[in-house]
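Novice: This is what each chain is made of:
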Amino acid sequence: MANPKPEELVQIQYPTPSKGWMDPAVEFRKGTYCYSALARNLNYLGLPNAREWQPFDADWKLPPDWKRIILDGMKERLEKFRSFRLFMDICVRCGACADKCHFYIGSGDPKNMPVVRAELVRSVYRRYFTLSGQLFGALAGARDLTEDVIKEWFYYAHQCTECRRCSVFCPYGIDTAEITMIVRELLNLIGCNINWVLEPAANCFRTGNHLGIQPHGFKDSVDFAVDELEELTGIRVDASINRKGAEVLLVVPSADYFGTPHYYTFLGYLALLHEVGLDYTFSAYASEGGNFGLFNSHEMIKRLNAKIYTEAKRLGVKWILGGECGHMWRVLHQYMDTMNGPADFLEVPVSPVTGTRFENARSTKMVHICEFTADLIHRGKIRLDPARNDRWNVTYHDSCNPARAMGLLEEPRYILRSVCNQFHEMPENTIREQTFCCGSGSGLGTDENFEMRMRGGLPRANAVKYVRDKHGVNLLTCICAIDKATLPPLLEYWVPGVDVAGIHELVGNALVMRGEKERTTDLRGEPIDQKEVAHA
Amino acid sequence: MKLYGALIAVAAISLAAGLAGSVGALQPLLGIGVPYCALAILLVGLSWRVIRWSRSPVPFRIPTVCGQQISLPWIKSSRLESPHSTLGVIGRMGLEVLLFRSLFRNTRSRIDQGPRLIYGEAKWLWLGAMAFHWSLLVVVLRHLRFVVEPVPAVALWLDGLDGFFHVGVPVLYVTDIVLIAALLYLLVRRLREPQVRFISLFTDYFALFLLLGIALSGIWMRYFARVDAVAVKQLALSLTVFSPSLPKNLSAWFFVHLGLVCTLAAYLPFSKLMHMGGIFLSPTRNLANNNRMKRHVNPWNYPVKVHTYEEWEDEFREKIEAAGLPVEKH
Ligand code: HEM
Ligand code: SF4
Ligand code: SF4
Numbered sequence: 001m002a003n004p005k006p007e008e009l010v011q012i013q014y015p016t017p018s019k020g021w022m023d024p025a026v027e028f029r030k031g032t033y034c035y036s037a038l039a040r041n042l043n044y045l046g047l048p049n050a051r052e053w054q055p056f057d058a059d060w061k062l063p064p065d066w067k068r069i070i071l072d073g074m075k076e077r078l079e080k081f082r083s084f085r086l087f088m089d090i091c092v093r094c095g096a097c098a099d100k101c102h103f104y105i106g107s108g109d110p111k112n113m114p115v116v117r118a119e120l121v122r123s124v125y126r127r128y129f130t131l132s133g134q135l136f137g138a139l140a141g142a143r144d145l146t147e148d149v150i151k152e153w154f155y156y157a158h159q160c161t162e163c164r165r166c167s168v169f170c171p172y173g174i175d176t177a178e179i180t181m182i183v184r185e186l187l188n189l190i191g192c193n194i195n196w197v198l199e200p201a202a203n204c205f206r207t208g209n210h211l212g213i214q215p216h217g218f219k220d221s222v223d224f225a226v227d228e229l230e231e232l233t234g235i236r237v238d239a240s241i242n243r244k245g246a247e248v249l250l251v252v253p254s255a256d257y258f259g260t261p262h263y264y265t266f267l268g269y270l271a272l273l274h275e276v277g278l279d280y281t282f283s284a285y286a287s288e289g290g291n292f293g294l295f296n297s298h299e300m301i302k303r304l305n306a307k308i309y310t311e312a313k314r315l316g317v318k319w320i321l322g323g324e325c326g327h328m329w330r331v332l333h334q335y336m337d338t339m340n341g342p343a344d345f346l347e348v349p350v351s352p353v354t355g356t357r358f359e360n361a362r363s364t365k366m367v368h369i370c371e372f373t374a375d376l377i378h379r380g381k382i383r384l385d386p387a388r389n390d391r392w393n394v395t396y397h398d399s400c401n402p403a404r405a406m407g408l409l410e411e412p413r414y415i416l417r418s419v420c421n422q423f424h425e426m427p428e429n430t431i432r433e434q435t436f437c438c439g440s441g442s443g444l445g446t447d448e449n450f451e452m453r454m455r456g457g458l459p460r461a462n463a464v465k466y467v468r469d470k471h472g473v474n475l476l477t478c479i480c481a482i483d484k485a486t487l488p489p490l491l492e493y494w495v496p497g498v499d500v501a502g503i504h505e506l507v508g509n510a511l512v513m514r515g516e517k518e519r520t521t522d523l524r525g526e527p528i529d530q531k532e533v534a535h536a
Numbered sequence: 001m002k003l004y005g006a007l008i009a010v011a012a013i014s015l016a017a018g019l020a021g022s023v024g025a026l027q028p029l030l031g032i033g034v035p036y037c038a039l040a041i042l043l044v045g046l047s048w049r050v051i052r053w054s055r056s057p058v059p060f061r062i063p064t065v066c067g068q069q070i071s072l073p074w075i076k077s078s079r080l081e082s083p084h085s086t087l088g089v090i091g092r093m094g095l096e097v098l099l100f101r102s103l104f105r106n107t108r109s110r111i112d113q114g115p116r117l118i119y120g121e122a123k124w125l126w127l128g129a130m131a132f133h134w135s136l137l138v139v140v141l142r143h144l145r146f147v148v149e150p151v152p153a154v155a156l157w158l159d160g161l162d163g164f165f166h167v168g169v170p171v172l173y174v175t176d177i178v179l180i181a182a183l184l185y186l187l188v189r190r191l192r193e194p195q196v197r198f199i200s201l202f203t204d205y206f207a208l209f210l211l212l213g214i215a216l217s218g219i220w221m222r223y224f225a226r227v228d229a230v231a232v233k234q235l236a237l238s239l240t241v242f243s244p245s246l247p248k249n250l251s252a253w254f255f256v257h258l259g260l261v262c263t264l265a266a267y268l269p270f271s272k273l274m275h276m277g278g279i280f281l282s283p284t285r286n287l288a289n290n291n292r293m294k295r296h297v298n299p300w301n302y303p304v305k306v307h308t309y310e311e312w313e314d315e316f317r318e319k320i321e322a323a324g325l326p327v328e329k330h
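Protein sequences, first through last, are from chains V and H.
The opening position of the first sequence corresponds to residue 1 in this note's numbering, with each subsequent residue numbered one higher.
The opening position of the second sequence corresponds to residue 1 in this note's numbering, with each subsequent residue numbered one higher.
What the hints contain is simulated information worked out from the structure, not anything from laboratory work.
Source: prediction; values computed, not measured.
Cβ coordinates follow ideal geometry from the N, Cα and C atoms, glycine included.
It cannot be assumed that every hint is accurate.
Stated by the list, open to error - One side of the interface only, derived from the structure: several residues of chain V facing chain H at Cβ under 7 Å: (1) G173; (2) P215; (3) I241; (4) N360; (5) L409.
Chain V with its partners taken away, still in its complex shape (with noise of 0.2 Å):
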């Protein structure tokens, strides 16, 4: 089946059943669910239930005592996370939370209310765990846990990013993110998850990063990027791997050195590190900062996340760099230091260049490298030239988790402000902590899943297309990886004329590099569309 026009697609009603949302009919319609977990990845993590299976068979084939097991997992979940507990019994139900998640705008079925993708596990919650629910029933809004709310569940569960736009609106801060990522996590009890999710996780556990590169691979990639930005700059990095006694480890997104448009922001990384003097290396067992266990269960952030100060530890260095990435920076923002920590075998993040000591990492010991950078700037470190990238005018898509778990917000807009002239917001309820998503974080961002991405991303490509008209703005700029995959086909879909770049490749591009030799293209080997060129 084709996928469908934009013009078809954004005929959105937004219809609300007077019968309610008690039903837990689902129909699973091609280009608006993910596949189901080979049983080989399952497997290799150790998780239960593997087996052939696809969300649109009747018979999902769940072991015999799947109820219990979900009922008891609810239980257990119920006294290890207050925020469940509390967020299963405090909503009001107001309704301000409705409008805000870029699923309901863009699909308009009113599960996707995030009010009402909590109420599909609440209403099991007051069924099994409340007084008045198995006294009252429906009355109370409780229902019956049956197979037809298990695939509920999986539906809509895989319906939300994980992005915590609704938590900004919310009065009590529910988060219903946290409801999904325990969802989530009880499927996974009995083997319902998808393969976009699980086959990273299992490359990672194995290899040290999602897409299953080995560690030779991962030298190839690295040496190719040194080889390339040689070409193009005519300068030689150094990029060291599993190098004992580096002052960094440098951690970055895998798709940094597999992707594009991510590729070029890796060359800007590699320009700069290089143009400081930085003592970094790279490891190949921890070549992956992101961490699929996000999106699958608590347990599973911490197995792939473990290898990071692991490595570190081994390779004896002070601190960590990381690179461009959302969902990473929640993991290390938020849970690494809980998790695997405490890192006391490293020390206080201290820039060699500028001297300036991270105090806002010093138990994590990890700096974000746009904090880095922009702390290069403003300490007049490093040359730039911003007429370099004249031929973007720029946007920034502040990426859900560097603004809403860590509040990233400023140091991405200095550095822009700092390599580009031409530099646009989007409007005010789009960006910063109220931004939305690209549509196809936390783990959604197949192929089989394209109707929903592009109304999930409806949001976010419509405030796009209100700075490309009134400003010509024809560069979107993000620091997240998924947002670098899926964000190209999302535009091209609803706002065809605008690209897609990481912050870095902006500053690589703009870098004035110590003998340089005359910068005749930018990172992506295209020409440099300026009259003069101005450096020494």
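With the hints as your guide, set chain H with the ligands onto chain V.
Specialist: Same frame as chain V, but now just chain H with the ligands:
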């Protein structure tokens, strides 16, 4: 069904309380037994809920950050929207609890042909919620004059402030009007906005009708039925010192009011009205965004199965060596 069911339930409670209140023999039950029971349920229920929440630990520090983080000294961090200190968290919580900060952000989205998404201002819910909660608080505090002798200064002060229009006899309280108006707004909103109606449960209507019933019966007593306030105070005071005695001349209207209040008290711990306590414990709001500065400890953190470096090297040793990368063991 949900709507009418809730209306009927509240009407039935009122009727039952009113009828029973007109039967002398039942008055002790209604005036003494029921309030004590309701109060006991409220206190035990509230504590049980709060204790149960606090018994579940907060394994991870997961604030929803709504402003600039603290990082480099020359970048101004947002102390209230992304607090990094306890003081900042108190400020953020204060704004949430007293001023409903997050609700103030509310917008309403609309899609026009083009397509063009538009996010309009939507402050009415915030205004209605503020009006309702603050007038409710004033009304509750004003009631102190019935249960505490001598009447506390706050109650007298609020009394004066609230009746500052000096209209009518007895003086008209502004909060009475605001409370009713705000409750009606919330109710109408729930019914008129399709999305909100879609998500509403029986309990959402029930809470609103119950509160409306309480407010209306109170107003009726004060301005129209002119219930004997001295008798009410006698009863209330006797209840507070645990030597209950029932004055003779209490009207049935008073029992309607009291019956509804007792229903609310007993119902509160089992309902969404617990948001009052929950908001203080919400981990996305009451934690500082200082994750990388200060380690957060998870009490149930447990060892997990990982792919160790040694296992990894064993699996790929030949390839690592062939690529010229260092290994631990040859
Ligand atoms: C710390 C104290 C409290 C805070 C911070 C608080 C906050 C809020 C907020 C932000 C809302 C959402 C907006 C709305 O729908 O109106 C709300 C709703 C509500 N609150 Fe409270 N509240 C508190 C105490 C109470 C108490 C004591 C009651 C009554 C016993 C109450 C009754 C309600 C009701 C009935 C609603 C739902 C209104 C509707 O149906 O639209 N609240 N509260
Ligand atoms: S904003 Fe919060 S309280 Fe209101 S409906 Fe949504 S989750 Fe519930
Ligand atoms: S976390 Fe994001 S995707 Fe999920 S319900 Fe909230 S707004 Fe929607």
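Novice: Okay, which hints does this one fail, numbers in order?
Specialist: none
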